[in-house]
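All chains should be modelled from the sequences, with the hints used to inform the complete structure.
Chain order of the listed sequences is V and D.
Residue numbers for the first sequence follow my numbering, beginning at 1 and rising by one.
Residue numbers for the second sequence follow my numbering, beginning at 111 and rising by one.
Everything labelled a hint here was simulated from the structure, so no lab data went into it.
The beta carbon of each residue, even a glycine, is placed where N, CA and C say it ideally should be.
Each hint can be trusted.
Covered by chain D, according to a simulated footprint, are these stretches of chain V (three or more residues, beta-carbon under 8 Å):
| # | segment |
| --- | --- |
| 1 | 23-37 |
| 2 | 49-58 |
| 3 | 80-92 |
| 4 | 100-106 |
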Amino acid sequence: QSALTQPPSASGSPGQSVTISCTGTSSDVGGYNYVSWYQQHPGKAPKLIIYEVTKRPSGVPDRFSGSKSGNTASLTVSGLQAEDEADYYCSSYAGSNTLSFGGGTKLTVL
Amino acid sequence: QVQLQESGPGLVKPSETLSLTCAVSGYSISSGYYWGWIRQPPGKGLEWIGNIYHSGNTYCNPSLKSRVTISVDTSKNQFSLKVTSVTAADTAVYYCARGWLLGNFDYWGQGTLVTVSS
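Quick look at the structure:
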């Protein structure tokens, strides 16, 4: 069970869109439609923003969207706002009731 | 409103056992969902430790499985984590969380920093 691969950083200007990738294998991301994304602000607990690849929990703005192709999942943040600056983590079911997280991506709003 | 609160020693000596408890309010543990532990070393990413279901079944990260025990006390509406033979690599903020479906954690505790040092 290995950590999923995310770029360490991403950035965009207010109003722009940015996409963060999360690459795994056929044993996790590619094998199941159970990819989640979490947003974490400094000193705070993570917050679930996407589950089952594309679904948003109640209260999460539709500026956040998820997708998946093969072994890579992606999170897109549209219409960037200052409060979107945070760390983002993907996670995936990895079979046998286990879970893997990505290494995290620091999103900077320029 | 579901709330989770971690508690336990903030400092543990190397080779000893780390013990944490997560008190749940606003929801009965025995009613369903599962309950998980996730940790985050300072300045690093999240690592899933393991889950316990209301049935008592537990599932743990294979890399930690030999050292981790997760248990539940439904009478106190809380669940616990023990990690044996700790080293400096176990220094982290430890979070407890409520889980549903396969890998979604919707409610989290605030986290508690555990430092392993002599």
